[in-house]
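**Student:** Sequence:
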Amino acid sequence: MITPRFTCTQTEETVIISIYCPSVRAADVEIHVDETLVSVHINPYFLRLNFSYPLLEDDDSSARYDPSSGHLTVTLTKENKGQEFTDLDLLAKLLAPRPSVPQPSVEVLSRSDEDDLVEATYALSLDRQEILQAAQNDWQLPQEIPGPYVELSAQKRYGFLDIHSGYFKHVTHTENEVNELGADAETCTHPERRKIRLKHEDEKWDEEYYMADYADNEHILDLLKWKHPHAIDNQKFQYTEEENATILRLPRREYLPTLAQTHGLYLTLITLLFSYAYESRTTQHDPTPESAWTLGILIPAFSSLDPPGVLATSNAHFDFSADDLSQVLVSSYRRSLAFPLYRSFILAEACHDDVGRLLSKGKRTIVRCLLEMKNILDHHDVYYVYSKVWLDDFCVWVQAYASDDILIRLGIQLREVKITKAALGWNLEALEAATRVVQGRVADSDDESGDDSD
Numbered sequence: 001m002i003t004p005r006f007t008c009t010q011t012e013e014t015v016i017i018s019i020y021c022p023s024v025r026a027a028d029v030e031i032h033v034d035e036t037l038v039s040v041h042i043n044p045y046f047l048r049l050n051f052s053y054p055l056l057e058d059d060d061s062s063a064r065y066d067p068s069s070g071h072l073t074v075t076l077t078k079e080n081k082g083q084e085f086t087d088l089d090l091l092a093k094l095l096a097p098r099p100s101v102p103q104p105s106v107e108v109l110s111r112s113d114e115d116d117l118v119e120a121t122y123a124l125s126l127d128r129q130e131i132l133q134a135a136q137n138d139w140q141l142p143q144e145i146p147g148p149y150v151e152l153s154a155q156k157r158y159g160f161l162d163i164h165s166g167y168f169k170h171v172t173h174t175e176n177e178v179n180e181l182g183a184d185a186e187t188c189t190h191p192e193r194r195k196i197r198l199k200h201e202d203e204k205w206d207e208e209y210y211m212a213d214y215a216d217n218e219h220i221l222d223l224l225k226w227k228h229p230h231a232i233d234n235q236k237f238q239y240t241e242e243e244n245a246t247i248l249r250l251p252r253r254e255y256l257p258t259l260a261q262t263h264g265l266y267l268t269l270i271t272l273l274f275s276y277a278y279e280s281r282t283t284q285h286d287p288t289p290e291s292a293w294t295l296g297i298l299i300p301a302f303s304s305l306d307p308p309g310v311l312a313t314s315n316a317h318f319d320f321s322a323d324d325l326s327q328v329l330v331s332s333y334r335r336s337l338a339f340p341l342y343r344s345f346i347l348a349e350a351c352h353d354d355v356g357r358l359l360s361k362g363k364r365t366i367v368r369c370l371l372e373m374k375n376i377l378d379h380h381d382v383y384y385v386y387s388k389v390w391l392d393d394f395c396v397w398v399q400a401y402a403s404d405d406i407l408i409r410l411g412i413q414l415r416e417v418k419i420t421k422a423a424l425g426w427n428l429e430a431l432e433a434a435t436r437v438v439q440g441r442v443a444d445s446d447d448e449s450g451d452d453s454d
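Each residue of the sequence shown is one higher than the one before, counting from 1 in UniProt numbering.
The hints are simulated quantities; they were obtained by calculation from the structure and are not laboratory data.
Just so it is clear, CB atoms sit at the ideal spot from N, CA and C, and this is done for glycine as well.
Careful, some of the hints might be misleading.
[Unchecked claim] For lysine-lysine, the following DSBU-like pairs were computed, each having C-alpha atoms within a straight-line distance of at most 35 Å:
id, residue 1, residue 2
1, K81, K421
2, K418, K169
3, K195, K388
4, K225, K81
5, K225, K156
[Unchecked claim] Just the calculated beta-carbon pair ranges, DEER-fashion:
id, residue 1, residue 2, range
6, F85, E429, 49 to 55 Å
7, N217, L37, 19 to 25 Å
8, P54, H173, 48 to 54 Å
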């Protein structure tokens, strides 16, 4: 079945679904409405949407097909007239599966309820009577805590919520300069990945490169003046047709992360946006052939399959601590000073501020940024793999599951966090001081030469 292009709009009393399905027979359309779930089938197209609030298929509802434009317009009545559907532009959220049915809760029966239950057993089959009799007698079988889980396969999982594997089996046969794990990418454990990443960052750290960029920073100062259009644009948001077409091709999975995993996803999102902010700022939002490499090398979850550490938490409001945010930002700062073309602490600070501003714009703007990253990676013959194991799922999760309130609050908190040069572990202040001394000597030398010439 083909998922058609579609848009959703609303009036005070209805929701209108416009579906592009050219060259079909209008008589074959099948529409089913089950509270919030709406499915439309007209061969070879199938569309299933999960709305936030219930709809009705009543006498005021309609379906009209325009063969000249190829659009099927389905109008459904809101169960609660006047209710506003705020997420009709979030296609990934509409396409996401309906949440799983929760497990039934255990109900304690009173004595009278037990008597009624016993009487009812006489009308049941022998098998069901035995089951209910067992419940009445409260049979207890001996139970033991299961032993430790034994990992039988050397292959490890990675990517979004660790749901992927097998993408790096032949990584040594590709020109993947982002991968820091080499042939062990499929077998490294999480602690091993982090150890390799930190070691590689220290090995790639170049004091002379940093001092040169600190001394000759004219171009970097120009980069600092640039403002990201997504961070300052206050116009009404609307996805482009190209963006919506990309969203329709995203996977449709139901994500059931724990609170700790969800906490980790928000932290990983910071590293994605930091890399995006660096690439955007250094190219003035005009990607180059090196952009895919830049995006990949700056994200620990890409280069080492090492997303930020997840701190176990039972806080449903996700109040991120300053330590949480500092640890995540330090990893991004370090990579921005060890690998790409421009290695400047003040540039990293500008990217840090960009991330805070982008988060404060909410999920719609963030998904637009992720889609731009995805577009860059998808057009690379090697680095498209990171789009598959991270960005596809992240685009869906942010649009369908992430909380705007949490994202906005996270952006505010992030801008309040201050990263010190000492936190990076590379003696930046001493290097900068040494650079200033050398610059002072050169300036004095130039002055003396000028005096001699007079």
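**Student:** Now, for every hint given, state plainly whether the structure supports it.
**Tutor:** Evaluated hints:
Between K81 and K421 the alpha-carbon distance is near 57 Å, which puts this suggested pair outside the 35 Å criterion. As the CA atoms of K418 and K169 are separated by approximately 40 Å, the hinted pair breaks the 35 Å bound. For the hint pairing K195 with K388, the CA-to-CA distance comes to about 25 Å; that is within 35 Å, so the pair holds. Our distance criterion of 35 Å between C-alpha atoms is broken by K225 and K81, whose separation comes to about 49 Å.
Among the hinted pairs, K225 with K156 is inconsistent with the structure: their alpha-carbon atoms are about 44 Å apart, more than 35 Å. At roughly 54 Å, the beta carbons of F85 and E429 sit within the given window of 49 to 55 Å. The given range of 19 to 25 Å is broken by N217 and L37, whose C-beta atoms sit roughly 57 Å from each other. Checked against the hint of 48 to 54 Å, the C-beta distance between P54 and H173 comes to roughly 53 Å, which is consistent with it.
Of the numbered hints stated above, those contradicted by the structure are hints 1, 2, 4, 5 and 7, listed in ascending order.
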